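As numbered in full-length UniProt numbering, residues 1 to 280 make up the sequence shown, in order.
Misleading hints may appear alongside valid ones.
Straight-line distance between alpha carbons at most 25 Å, and here's what the computed SDA-like set of lysine to any residue pairs gives [unchecked claim]:
(1) Lys37 - Trp78
(2) Lys142 - Ala192
(3) Lys142 - His163
(4) Lys37 - Pro83
(5) Lys142 - Gly185
(6) Lys142 - Glu28
(7) Lys195 - Ala5
(8) Lys142 - Gly227
(9) Lys195 - Lys142
(10) Lys37 - Ile9
(11) Lys195 - Tyr42
(12) Lys37 - Val110
(13) Lys195 - Gly227
(14) Lys142 - Pro67
(15) Lys37 - Ser12
For each label pair, taking beta carbons as the anchor points, the in silico distance ranges come out as [said to hold, decoys possible]:
(16) Asp106 - Gly128: 16 to 26 Å
(17) His72 - Lys142: 14 to 24 Å
(18) Lys142 - Arg214: 27 to 37 Å
(19) Gly247 - Thr184: 23 to 33 Å
(20) Gln220 - Ala123: 25 to 35 Å
(21) Asp137 - Gln220: 20 to 30 Å
(22) Thr224 - Asp106: 44 to 54 Å
(23) Glu14 - Gln276: 29 to 39 Å
Honestly, the hints are just simulated from the structure, not real lab data.
Treat the numbers as computed from the prediction; the structure is a model and nothing was measured.
Where a beta carbon is used, it is the ideal one built from N, C-alpha and C, also for glycine.
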Amino acid sequence: MDPHAAGRIARSLETLHAFGYFAPEVQEELTQVGLTKGRQCYFASRSAPLGAASPGTVAATFFVFNPSLVAHHVAGVWELASPQEVTAARYRGISRAWQRLLPDLDPDDVAEAAELARAAAQACSVAGRPLSAAHADLPWPKEAHLVLFHALTILREHRGDGHIAALLGEGLSALEALVTHTATGRGFTVTAAQKTRGWSEEEWQATRAALVERRLMTPQGGLTDEGHSLRRRVEAATDRMAAQPWGSLGEEGATRLAELGRPWARQARDNGAFPQGVFA
Numbered sequence: 001m002d003p004h005a006a007g008r009i010a011r012s013l014e015t016l017h018a019f020g021y022f023a024p025e026v027q028e029e030l031t032q033v034g035l036t037k038g039r040q041c042y043f044a045s046r047s048a049p050l051g052a053a054s055p056g057t058v059a060a061t062f063f064v065f066n067p068s069l070v071a072h073h074v075a076g077v078w079e080l081a082s083p084q085e086v087t088a089a090r091y092r093g094i095s096r097a098w099q100r101l102l103p104d105l106d107p108d109d110v111a112e113a114a115e116l117a118r119a120a121a122q123a124c125s126v127a128g129r130p131l132s133a134a135h136a137d138l139p140w141p142k143e144a145h146l147v148l149f150h151a152l153t154i155l156r157e158h159r160g161d162g163h164i165a166a167l168l169g170e171g172l173s174a175l176e177a178l179v180t181h182t183a184t185g186r187g188f189t190v191t192a193a194q195k196t197r198g199w200s201e202e203e204w205q206a207t208r209a210a211l212v213e214r215r216l217m218t219p220q221g222g223l224t225d226e227g228h229s230l231r232r233r234v235e236a237a238t239d240r241m242a243a244q245p246w247g248s249l250g251e252e253g254a255t256r257l258a259e260l261g262r263p264w265a266r267q268a269r270d271n272g273a274f275p276q277g278v279f280a
């Protein structure tokens, strides 16, 4: 399967995984097992499949977050709740949020999508991909909508692990990767990126100045031709490294999963999956 086409499908379905990081139901379930609402819930729920990971491990695998922000929220978190308790709470919250965002879906369609997504996820080669490997080691849920969520999470982390490799291959630091990404006009707004990833305005401006020196950005904050070219190379490399599980479905299977999932992703966004002002 063409890697770029596979990448388009993956991106079009990402809402069906990413809503879990914003859903109040997930926050509620996580706070009930002892976590503090907000960033701690995010870091703990996403890293729990790694086990009782240290702040340094979480910062390294998540990549674009300020390590000091990660340390603030992750240090001591596993004394509040075990990774197993956190994962169970996460899935309880996901199930509740799914029912709010996507009520009345045809159960047969959900089961079909779950079967396709699971086949793709189980075809992932996770060597060198710690987050996708950790999620792939979790037991599969029984309910079809949670199977679909879990499969798409494995696929998303598989793509994300490869994306980090592509960024490092282009010589970008964590903050340089984030600054150049926001400069494309896609993804997080600058304000949201700084706030959620824990970087100060001073750090942001210093990194932008360094990127101007490298002729990747203009003094006005946009990407130069070389900056655009670099980001295109990153995305192309990411697509290539993430294409294998989609290719395992074949074009027909991957297209069918997209046909099922894309309307659900739109419906979830229309029903408030993401807060206003977070994405450009």
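Given pair status - Gly227, Lys142, alpha carbons within 25 Å: Violated, because 45 Å separates the two Cα atoms, which is more than 25 Å.
Cβ separation of Asp137 and Gln220, checked against the hinted range 20 to 30 Å: violated, 46 Å
Range hint 44 to 54 Å (beta carbons of Thr224 and Asp106) holds or violated: holds, 48 Å
Pair hint outcome, Lys37 versus Ile9 [Cα-Cα no greater than 25 Å]: violated, 32 Å
Hint check for Lys142 and His72 - Cβ pair distance inside 14 to 24 Å: violated, 36 Å
Restraint check for Lys195 with Gly227, where alpha carbons must lie at most 25 Å apart: Measuring from Cα to Cα gives roughly 24 Å; hence the hint holds.
Holds or violated: Lys37 to Ser12, with C-alpha atoms at most 25 Å apart: violated, 29 Å
Pair hint outcome, Lys195 versus Lys142 [Cα-Cα no greater than 25 Å]: violated, 36 Å
Holds or violated: Lys37 to Pro83, with C-alpha atoms at most 25 Å apart: holds, 16 Å
Lys142 paired with His163 [C-alpha distance capped at 25 Å]: violated, 30 Å
Beta-carbon spacing of Gly247 to Thr184 - inside the hinted bounds 23 to 33 Å or not: Cβ of Gly247 to Cβ of Thr184: about 27 Å, so the range 23 to 33 Å holds.
Restraint check for Lys142 with Glu28, where alpha carbons must lie at most 25 Å apart: holds, 22 Å
Hints 2, 3, 5, 7, 8, 9, 10, 12, 14, 15, 16, 17, 18, 20, 21, 23, counting from the list given before, are not met by this structure.
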